[in-house]
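> Each residue of the sequence shown is one higher than the one before, starting from 1 at the first, in my numbering.
Careful: at least some of the hints might be erroneous.
What the hints assert, rightly or not - Here are the simulated SDA-like pairs of lysine to any residue, each with C-alpha atoms no more than 25 Å apart in a straight line:
#	residue 1	residue 2
1	K347	P388
2	K347	N361
3	K142	N420
4	K22	K530
5	K142	N364
6	K530	V542
7	K75	R20
8	K8	E216
9	K376	V352
Claimed, not checked - DEER-style ranges, computed between Cβ atoms:
#	residue 1	residue 2	range
10	R20	T239	47 to 55 Å
11	L310	D17	43 to 51 Å
12	T267	Q162	55 to 63 Å
13	P319	D24	42 to 50 Å
14	A302	D24	50 to 58 Å
Hints were generated in silico from the structure; no laboratory data involved. Ideal placement from N, C-alpha and C gives every residue a C-beta, glycine not left out.
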Amino acid sequence: AMNRIGAKSDSGEGGEDPARFKPDVNGDNWNSAIKQVASGRFGVTAEYLNQCREIEIKVAQGAKPGEGGQLPGFKVSVEIARLRHSTPGVMLISPPPHHDIYSIEDLAQLIYDLKQINPDAKVTVKLVARTGIGTIASGVAKAGADNILVSGNSGGTGASPQTSIKFAGVPWEMGLSEVHQVLTLNRLRHRVRLRTDGGIKTGRDVVIAAILGAEEYGVGTASLVAMGCIMVRQCHSNTCPVGVCTQDTKLRERFTGTPEKVVNLFTFIAEEVREILAHLGVRSLNEIIGRTELLAQVSRGAPHLDDLDLNPLLAKADPGGNALYCTLEGRNEVPDTLDAQMIDDAKPLFAVGEKMQLAYNVRNTYRAIGTRMSSKIVRKFGMTGLQPGHVTVRLRGSAGQSLGAFAVQGLKLEVLGDANDYVGKGLSGGTIIVRPRAVSPLTTNHNTIIGNTVLYGATAGKVFAAGQAGERFAVRNSGAVVVVEGCGSNGCEYMTGGTAVILGSVGDNFAAGMTGGMAFVYDVDETFEKRVNPDSVIWQRVATEHYRRLVVNLVAEHVRETDSRFARELLNDWDRVQKNIWQVVPKEMIGRLEHPIRPDEPVRAIPAE
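Generate the whole structure from the sequences, applying the supplied hints.
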C-alpha cells in the first residue's frame with residue numbers, strides 16, 4: 001500500500017524475507033522502503049541493507065523507552081527463525097542499548113558504516129520524546145543523520161510490557177517542539193528532516209505536527225486498525241483474534257486486510273490535511289512548519305484540566321536566515337574510505353568476475369574497510385555469487401573501526417597488524433584474518449589485537465585473530481565462526497547462532513543472555529567458572545567425538561590462517577589441552593541440537609516445526 005501511494009513502510013527490526021525484494025508481475029512492490037537497524041540486529045545483512053531507500057537506527061521506542069525487547073519462543077516460528085538467523089522455538093532478546101553506540105561519536109560511526117554499505121540510502125535515527133531530547137537531536141544531526149524521528153508515548157508494539165505501554169514516555173508534541181527549537185537555534189534545522197509518530201490518526205494530527213516542526217509523519221496503529229486490528233492488546237501472546245499479529249496459521253486465515261483499505265485511510269487523511277491547509281490559506285505543509293502562532297492553548301473549563309502551561313511548546317526560535325525545514329537535496333554525504341580505491345583497482349572483478357588479490361598499507365583513520373566493496377559485490381553478484389576468498393585484500397598496519405563491517409561471501413580481508421573496534425560488525429559471509437607482524441615481540445595470547453564489540457549482529461562468515469579481543473566479543477552473533485585467543489567482559493552476550501572458540505581467559509559475565517550458538521573456552525587459568533553467567537547456559541567438558549573434531553579443526557584452521565605460534569603449540573599438545581576446554585551451550589538449545597553434547601543422548605535432527 002505504501003509503495004502504491006509513494007509513501008514508505010518500515011520493515012521493523014526482525015529482518016525481511018528476500019522474496020519481497022522483487023516486484024510482482026503486476027507491478028506491486030512488497031519491499032519495505034525503510035529497513036530498520038535495532039539493538040538486536042536481527043536479520044541485518046548486506047543484502048537487507050541494500051534493498052531500501054532509507055535505513056532507520058532505532059535507538060529507542062516510544063512504547064517502551066529505554067527497554068529492550070523479548071520475543072517468546074512460541075512466536076519464533078520456522079519462518080521467523082529463518083529471517084532472524086536463529087532457532088525455531090527459542091526465545092529472542094533485543095538488548096536495551098545498541099552495543100556499538102555509547103556516545104554521539106559511536107552513533108556517527110554507525111551512520112558512516114550504514115552509508116558505506118548502501119551508498120544511496122538516507123539514514124534516520126529514531127529517538128523517543130523526553131526532557132532534554134533537543135540536545136540529543138543536535139548531536140544526532142552533527143553525527144551525519146539525514147532524518148530524526150521523534151516518537152511519542154502513544155505508539156504500539158507487540159513486544160512491550162503493559163506497564164510501559166500505559167505509563168512510560170511523553171507525548172510526541174513535547175519532544176518534537178523541543179527538537180525543532182534546539183535544531184533551529186543551533187543552525188542545524190535546514191540540514192535534517194524531522195519526522196514524528198506515536199498515535200497520529202487524523203489530518204488534524206498531521207497539521208499540528210507540521211506546525212510544531214515535523215515534515216514527515218508516521219501512522220502505525222491507525223494503519224493496523226484499517227487492516228482489521230481491534231486493539232485487544234494480545235500482540236505478545238500469539239493469540240491475535242483477527243490474524244494481524246500472530247504466527248498461528250489458523251488465526252492468520254482470519255486476516256481481512258488489503259492494500260486498498262490502507263490506501264483509503266491515507267487518502268482520507270490527506271483530504272483532511274488539504275481542507276485544513278485551505279482553511280489556513282496556505283498551499284503546502286512546508287508553509288506552516290514551525291509557525292506556532294497558528295496554535296493556541298484551549299481552556300477545558302475546569303482548574304484541574306487547565307493546570308498545564310503549553311507555552312514552551314509554542315515558543316518560536318530564530319532561524320538566523322535559514323529555512324525552518326530541510327532544504328538539503330539528497331543526503332548528508334560521508335567521506336570516502338579506502339574502498340573507493342579498492343573498487344577502482346578491482347574493475348576486472350566487476351567486469352568479468354576475475355579472481356583478484358589486492359594489497360594496501362593502512363592506518364587507523366581508514367574506517368569500514370571492505371564495506372563499500374561488499375555493497376558493490378552484493379549488488380553485482382548477490383550474497384553467495386562468489387566463492388569464499390574470490391577477492392583477497394591484504395592490509396598492513398592498524399585498521400580503523402568497523403573493519404569488514406557487513407563483509408559478504410567472496411571477500412577476504414587479511415590484516416598484518418591490528419584492528420580497532422567493531423571488527424566484522426554485521427558480517428554477512430566474508431572472512432577476516434588479523435595477525436601481528438612477524439617482527440612483533442608481543443605474545444599473541446597476552447595482547448589485544450582486535451577491539452571491542454567484534455561480530456555484533458554477524459550472520460555468516462569467519463574471523464580468525466591471533467590475539468585477544470576486547471569487551472562484548474561476539475555480542476548478538478547469529479551465525480559467524482570465530483577463533484580468538486582470549487576476550488574481555490560480556491563475551492558471547494545475547495548470542496543466537498554461530499560458533500566461538502576462545503583459546504584463553506574470558507572476562508566477567510560471559511554468555512549472558514546467550515540463547516543460541518555454541519562457545520568453546522580453553523580455561524588456561526581455571527577462572528572460567530567464576531566468570532560465566534549461569535542464567536541461560538550450561539557448561540561441561542567436551543564429551544563427544546563430533547564436537548572434539550569441530551574444535552580441533554577450527555583451531556587448525558586458525559593456525560593455517562594466522563600462523564599463531566601459541567595456537568600451534570596447543571595443537572601439538574592437544575591431548576592435554578582438550579581436557580581444559582569448556583563447552584558452553586544455551587539451556588534452550590540442549591534438546592534442539594542436531595548433535596547431542598553427551599554420548600548417552602540419541603542423535604536427533606532439528607525438528608521442522
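> Each hint: holds or not?
Each hint, compared with the structure:
A distance of roughly 19 Å separates the Cα atoms of K347 and P388; the hinted pair therefore holds under the 25 Å criterion. Our distance criterion of 25 Å between C-alpha atoms is met by K347 and N361, whose separation comes to about 20 Å. Annotation: proposed proximity of K142 to N420 holds, straight-line Cα distance about 23 Å (limit 25 Å). For the proposed pair K22 and K530, the alpha carbon gap of about 51 Å is over 25 Å, so the pair is violated.
Distance check on the hinted pair: K142 and N364 sit about 22 Å apart at the alpha-carbon level, within 25 Å; holds. Distance check on the hinted pair: K530 and V542 sit about 19 Å apart at the alpha-carbon level, within 25 Å; holds. Simply put, K75 and R20 have alpha-carbon atoms about 21 Å apart, close enough for the 25 Å limit, and the pair holds. A threshold of 25 Å between alpha carbons decides the hint, and for K8 with E216 the separation of about 10 Å falls inside it, so the pair holds.
Taking the CA atoms of K376 and V352, the gap is near 14 Å; set against the 25 Å cutoff, the hint holds. Distance hint check: the CB atoms of R20 and T239 are about 26 Å apart, inconsistent with the given range 47 to 55 Å. As the Cβ distance of L310 to D17 is approximately 44 Å, the hint placing it in 43 to 51 Å holds. Checked against the given bound of 55 to 63 Å, the beta carbons of T267 and Q162, roughly 34 Å apart, lie outside it.
For the pair P319 and D24, the beta carbons lie near 45 Å from each other, so the given range of 42 to 50 Å is met. Separation of A302 from D24 is about 55 Å and conforms to the stated range, judged on CB atoms against 50 to 58 Å.
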